[in-house]
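Q: As given, the protein sequences belong to chains R and F, one line each in that order. Note that our numbering has the first sequence beginning at 1, numbered continuously upward. Note that our numbering has the second sequence beginning at 1001, numbered continuously upward.
Quick caveat, the hints were computed from the structure, so don't treat them as lab data. Any given hint could turn out to be false.
[As the list claims (entries may be wrong)] In silico EDC-like links for lysine to aspartate or glutamate, alpha-carbon gap of 20 angstroms or less:
1. R:K136 <-> F:E1296
2. R:K118 <-> R:D89
3. F:K1208 <-> F:E1333
4. F:K1380 <-> R:D133
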Amino acid sequence: MNFQSYIKSLSILLLTILFYPQVVQADICQSDFLESMPILRSGRVKPLMVHANESLSYLTKTSRLSMSPVKTYCYLSLKDTYQSDIKIDIRIDHSKVKEFLGIPKNQSWEDASKLVMKGMILQSEIGRLTAQDSYKKSLEQLLSQLILYRNITSGMDWVIPSVLTPNEETSKKTLDQVQWSALSELITSLGPNLTQEQLKDKLIQSANHYTKIVSDKHLLEVTYSKLHLASISMFLVLLSLFISIALKSYQVAVISALVPLVAQTILIVLRIMISGRAPITNMYETVLFSGYGGLILAMIIGHVKKDKILIIVGLSYNLMTLMMMTFAKDMVSSDINPLVPVLRDNFWLSTHVTSLILSYGALALSWVLANLILIRSKINPMTLSEVAHYSDLIHTCLKYGTVLLAAGVILGGIWADYSWGRFWGWDPKETWSLIVLFIYMAILHGKYTSWIPPHRFIFLTAAAFMSVMMAWFGVNYILASGLHSYGFSQGGAFFLAAFFTIQVVILILTAGRGLPKQKSSSTE
Amino acid sequence: MRPLKSQLWDKIDRSISGMKFAVVIISLITLAMIVGTVIESYYGTSFAQRLIYRSVPFYLLEFFLVLSVSMALFDRFPFKKRKIGFYMIHIGILTIMAGSFLTGYAGIDGSLTLKPGEPSRTVRLDEDQVKIYYPDRQETVTYHLPQSAFSSTLGQEFRGIQFEQYLPFAQIFVDWQEHIATYPYSSSRYLFFDSGHSREVTMTLTSKAKDYGPLLDTGPLLLAYMPDVVMKCLEEAPLGGLITWDTVHNTCQLLDEKKLIQKPHPQAGTIFSINQYDYFPQWSIHPIDQHLRPVETAPHKIFRKFHKPNRIVLFLSPHFVAYQHEGKWIKNELSLNEIVSLPWSDIHLRPLENHENKIPVLKPLYQLPIQNSGQLIQGKQKAVTFKLEEQSYWISPDHPLQTQFKGENVEIYMTSKTMTLPFELTLQKFNMDFNPGTRQPASYESTVQLFDKQGHSQHKIYMNNPLKHQGLTFYQASYFEIGNDYASVLSTNLDPGRGLKYFGSLILVLGSIVHFSRRKRQHMTTSEV
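Please work from the sequences and hints to get the whole structure.
A: This is how it looks when you write it as C-alpha cells:
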C-alpha cells in the first residue's frame, strides 16, 4: 500500500465517521426544500436558510461548521427526536470566563452540549456580580447563546406556519391568518413512531400552504442570499480596479466601473424589496450605501474634472466597503431586523441619513485621494502644479461632502424636531456629525489663511476622516457601550483602533517631507 | 493720521472678522463638543449638559462664534453679487443661532406623565427646586437650585432655613451611628432575592432610627424583627400571641392577651397596659405616650407573633429566621453571608450585617454619575441638605420632610420645576403593537381626551404624529407599567425659535450650494484662460 492510497482510505474513514451517523439517522435534514421554509423569528418572516445562518453565526461566533447552516440547524432541532449526535462548539474568549467554567486557557472552543449543563451556575454567577464589566457581559452573552442553543435543540426555536384557510368574507392575505407553532409541538401532536418521511411531508405541506395562501415574499430572500451579491460585487470591483489602473483610457475605466455599480444596484434594490424600507437603517446598509454613493459621486466628479484618478479612488473606497461587509460580519451584521418604532415610516429619517451617508462617501473620496497623494509623494516627489491639481480635486470632493453633511445635520435636526420635539439635544450621534462638519469647516476656512497651504491641506484632509469614522462607527461602538465598561474587546472598537493606528502611522511617515511647500495659494 | 482709538478698533475688527479667528473658534467649539460626548458616554446626558453644553464657557464660545460670523459678514459689505452664497450661508448660521437662543430663552421642554384615567395639566421641566409648603396657611414658596454638575454649596438662608448643599447626583447610603440606649438593641441588614429581583432590608429595634424600624411590609413579605432571645418564646407562643422582652434581664415571656388591661384609644384602637405603660404592638415594640410617640426608656418591649392567612410572615433576629409553613413552625439559624432558601417560590435570604448599639441613618453623599447602556447605574438620586434650628436634615424627591418650625407645620420637598397647562389632558387608552412573534414593541399610541374652554376633543398621539394645541406640541416619548395598565409619558414642547431655525437652515443649505457651484465655475474660467 503506497502512501497516497493510505491517505485516501484514511480520509474516507474519517469522513464516514464524521457524517455516517447523521446521514442515516436524520436524512430529512438533507432535503433542499428546508432552505426556503418560512419561519417567523425576531419579528419577521424569513426563509429558514437565513434564520439558520443568523442563529448559528450568533451561536458559534464563526462560520466554522462542518456542513451548511440549514443542515446543522435541522440536525440540532431534531437532536432529541432522532438522536443525532451533531455537536457544535461555542467560542469562548474571555479568560475569566474560561477560568470560571474550568476550560484550559489555550482552548477557545467548548462543546455546546457540555456548556448547556452549566447554565444554572452561569446564571447564579451573573446574579452575584454587581459591576457591569466585560466579565459579566461575556457571561451574559454566553448565557443567551446557551438559551438559544437549548431552544434550538429542544425544537422550540424552529416555528412552523399552520395557515388557517382564509375567511370567505375577508379574503385578505395577512399574517393574522397564520398560526406559528414550534417544531416540538408539531412532533408531539403527530404522535410517537413518527417517521422522517412523514415529518418531511408535513413540513413541505405547511410551507407550500403558506406560500399559496399568505405570500411567497420570503422566497425572494432565498434568491438574495444565494446570489452572494456582496462577494460578487467585491470580485467585480477588484477586476475593474485592476483594469482602470492597468489601462490608460478614461472611458474604459468608466465602463469597467459601471459593472460593479450595476451589481450593487441589484443588491440594494433586492434589500429594499425584502425589508420594505430605505437601505440605510443599520451599519451594513450604511457601509454599503456609502460605498455605492461614493462610487457614483466619484464618477460624477471624475466626469466634471475628466480625471481617471477619481474613478480609481471611487473604486478603491467601494472595494473597502465591500470588504468590510464580507469579512467583518461580526461588526456589520447583514441581518435584516425590524426597526425600532421611532425609525419607522419617516420621510425625514430617510433623507437625513441618505444625505449623511452620501456625504461620508464624498469625504471618503477626499480621504482616499489625500492618503494616495501623501504616499505617492513620499515615494516619488511631486511638482507644485501636481500638488495644486490634486488639492483642487480633494477640495471638490470636500465641497460635495460638506454641503451634503451640512444638509444631513440640518435634516437630522428637522427629523428630531418632528419625532421628538426638539431640533437639537446634544445627543452623541448628532453632536459627532456636527463635530465632523466643524472640523471640515475649520479646514476650509483655514485654507484661506496662511495656516493651511496646499500640502498641509492634503495632510489635514487625510487626518480629518478619522472624525467621520468616529461619528459613523465610534459613537456606536465606543461611546454608546461606555468607554469604561467594555474596553476594546468588542470587534467594532478593535476595528476603529486599528483604523486610527494605521492612519496615524501613515500621517507620521509622510509628514514633513514629500509634498513641496509653497506660499498660500489663496486668492480670496 | 487716524486717532489711536480707531486704529485699535480696526485691529480688533480685522482679527475678529478674520479667518484665523473663525478657525480658532470653530476648533475650540469642536474640542468642547468632543470632550462633551466622551463625558456623556461615561457620566450620562444630564451631567454632560450641566458640565459642558449648558455651561457659561460654552455659551461664551457660542457668543464668539456669532461675533465672528457677524463681523465676517459686516466686513464683506457692500453687497457683491458673486458673494451671494457667502452671504446666505453666514446669514443662515446667524438665523439658526438666533432661533436657538429664542428656544433656550423662551421655549419649554418638559414631560407630561399621564396615568390612565387621571386628568393632568402639570408639565415637568428638567430643573430641580425645593418647595416649602405651609399646610395651615395653604402657602407654597419655591427655592431655586443651580444647574450644577457637581455638588454645590448653597450657603443661603431662605425663610429661616439654612440651605447647605445641593447634590445633583447622589447616593443615599446607610451610615451606622453610635448610639447608647438604656437597653441592648441590635440592627441588621438582609438581602432578599429571587431569580428576577433583589431587595435589601434594614431593620432595627430602636425607634431613634427615623428611616427604619422593627416592622416592615415589603409587599410580598411581612417582616418582624426581634432580639435572638425573643425567638425562644416565639416558638411556644400561639399564632397571633404576644411576648414581652425584659431588657434588664434579657429574658422573654409569653403574655396572655385576655389577662391584660385593654383600653380603647381614639386613634390607635385597642392598646394594652402593662406596668403603667401603654403598648400598641401593631405600631411599635415600645410603649407609646399620649402623642403616640414611642417611649424608648421603658424596660419592657412587646412583640406579636403575627399571623396573616394569605401573607408570608417572616420573623427575623440577628441569628435566626422563623416562619409558619404548612402548619409547621420552622426556625433556621443564620450566619452572615450564607444563603437560606425559603419555601415560597424561589425566595432566598442572605444576612449581610449585624450591629450592636448602632443606629442606621440614611445620608446622601455626592457621587459622580455613571452611565451604562443609556441608563444611570450610579448617582441616580439627588438631594439637598439644610439646617433647621441647628439640626441637620436632607431631602430628595422621594424623601420629603414634614416637621414643625417656629410653631408651624411645614413640608419641605424637592421636586422638578413644573408648568401648568391652560388645558387638561386625560389618557383614555394606551396601545402597544408588537413585532409579530416577539415582545419587542413596534409602535405606541396614546388616545387622549383634551379639555379646554371650547369643550373637549379626542386625539391620538403616536410616533411621528404629535398633538399640537395652543402653541404646545405633545410627542409620544415613553411609557411605564402601572398595575395592569400603562401610563404614557408625553414630551411637551414649546419652541418659539422653530420658524427661525427652519428658515436659517433653508438659506444655509441653499447658500452653500450656490457658493460652491459658483466657485466651481470661476475655477473653470481661470483654467480656461
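Q: It remains to establish, for every hint, whether it holds in the given structure.
A: Structure-based check of all given hints:
{"no.": "1", "hint": "R:K136 <-> F:E1296", "result": "47 angstroms, violated"}
{"no.": "2", "hint": "R:K118 <-> R:D89", "result": "15 angstroms, holds"}
{"no.": "3", "hint": "F:K1208 <-> F:E1333", "result": "28 angstroms, violated"}
{"no.": "4", "hint": "F:K1380 <-> R:D133", "result": "19 angstroms, holds"}
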